[in-house]
Amino acid sequence: TQLLEQSPQFLSIQEGENLTVYCNSSSVFSSLQWYRQEPGEGPVLLVTVVTGGEVKKLKRLTFQFGDARKDSSLHITAAQTGDTGLYLCAGPGLGGSRLTFGEGTQLTVNP
Amino acid sequence: NAGVMQNPRHLVRRRGQEARLRCSPMKGHSHVYWYRQLPEEGLKFMVYLQKENIIDESGMPKERFSAEFPKEGPSILRIQQVVRGDSAAYFCASAGQVEETQYFGPGTRLLVL
Numbered sequence: 001t002q003l004l005e006q007s008p009q010f011l012s013i014q015e016g017e018n019l020t021v022y023c024n025s026s027s028v029f030s031s032l033q034w035y036r037q038e039p040g041e042g043p044v045l046l047v048t049v050v051t052g053g054e055v056k057k058l059k060r061l062t063f064q065f066g067d068a069r070k071d072s073s074l075h076i077t078a079a080q081t082g083d084t085g086l087y088l089c090a091g092p093g094l095g096g097s098r099l100t101f102g103e104g105t106q107l108t109v110n111p
Numbered sequence: 001n002a003g004v005m006q007n008p009r010h011l012v013r014r015r016g017q018e019a020r021l022r023c024s025p026m027k028g029h030s031h032v033y034w035y036r037q038l039p040e041e042g043l044k045f046m047v048y049l050q051k052e053n054i055i056d057e058s059g060m061p062k063e064r065f066s067a068e069f070p071k072e073g074p075s076i077l078r079i080q081q082v083v084r085g086d087s088a089a090y091f092c093a094s095a096g097q098v099e100e101t102q103y104f105g106p107g108t109r110l111l112v113l
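Protein chains in written order, with my numbering: chain A, 1 to 111; chain B, 1 to 113.
Honestly, the hints are just simulated from the structure, not real lab data. Glycine included, C-beta positions come from ideal geometry on N, C-alpha and C. Please note: incorrect hints may appear among the correct ones.
[What the hints assert, rightly or not] Derived CB-CB ranges, DEER-like:
#1 A/I13 - B/E63: 42 to 50 Å
#2 B/Q50 - A/S30: 37 to 45 Å
#3 B/V83 - A/E41: 22 to 30 Å
[Said to hold, decoys possible] The calculated DSS-like cross-link candidates involving lysine-lysine, where the alpha carbons are at most 30 Å apart (straight line), are:
#4 A/K57 - B/K44
#5 B/K44 - B/K27
#6 B/K62 - B/K44
#7 A/K56 - B/K44
#8 B/K71 - B/K27
#9 B/K27 - B/K51
#10 A/K56 - A/K70
#11 B/K44 - A/K70
#12 B/K27 - A/K59
#13 B/K51 - B/K62
#14 A/K56 - B/K27
#15 B/K71 - B/K51
#16 B/K71 - B/K44
#17 A/K70 - A/K57
#18 A/K59 - A/K70
#19 A/K57 - B/K27
[As the list claims (entries may be wrong)] Residues of chain A placed beyond 10 Å of chain B at every Cβ, according to the derived structure:
#20 V44
#21 K56
#22 R98
#23 G102
All chains, full assembly: derive it from the sequences and hints.
Set out below in structure tokens:
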């Protein structure tokens, strides 16, 4: 069974601070995806990382895929209140179809 | 370009009733996935369907739950004789091809009284 562990589970910071969220596994994934979910809505895809060591930037968000493709991180620079939400990492299961999700990191950015 | 649509958004049922959740995939997508999110938990895979075929139902409870994706019309997740433990958010996702990005709908929040 492929498992994804996210840390921290909860994170509460002030606007303007930086933060990093981690997604770890003992299994190798062909790719990892990061989603953000707001209350009452479905997950919205932020990025997919495919190559070991890959770094992708999306404005103030930086995503990294570990060299061994077992872990990923999401770094947010100068967080804003609009970044508040549940951040989920996910990877394709064996056979490449269904997604395995981490438990998520609930981020709260306070004004 | 409409995204994945799910209805109803909220559904209240009493114990023992049936719940029917509908999902219309994005235009051109023929792969549909259903996930369940229990309170304070992550999303868990339930079933993967293509038109008229169930490809992988390994995440779906053996009893009371069924899913279909007919040639015409939306995919349906059906829960018979609901119990309180079925209360959760049910999400549908669609993809154009297997292993392609899955796009999620807004979910159906089921509350069983």
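Now the hints, each set against the structure:
no. : hint                      : result
1   : A/I13 - B/E63: 42 to 50 Å : holds (44 Å)
2   : B/Q50 - A/S30: 37 to 45 Å : violated (21 Å)
3   : B/V83 - A/E41: 22 to 30 Å : holds (26 Å)
4   : A/K57 - B/K44             : holds (28 Å)
5   : B/K44 - B/K27             : holds (25 Å)
6   : B/K62 - B/K44             : holds (15 Å)
7   : A/K56 - B/K44             : holds (27 Å)
8   : B/K71 - B/K27             : holds (14 Å)
9   : B/K27 - B/K51             : holds (13 Å)
10  : A/K56 - A/K70             : holds (17 Å)
11  : B/K44 - A/K70             : holds (20 Å)
12  : B/K27 - A/K59             : holds (29 Å)
13  : B/K51 - B/K62             : holds (21 Å)
14  : A/K56 - B/K27             : holds (28 Å)
15  : B/K71 - B/K51             : holds (6 Å)
16  : B/K71 - B/K44             : holds (26 Å)
17  : A/K70 - A/K57             : holds (19 Å)
18  : A/K59 - A/K70             : holds (25 Å)
19  : A/K57 - B/K27             : holds (29 Å)
20  : V44                       : violated (7 Å)
21  : K56                       : holds (14 Å)
22  : R98                       : violated (4 Å)
23  : G102                      : violated (6 Å)
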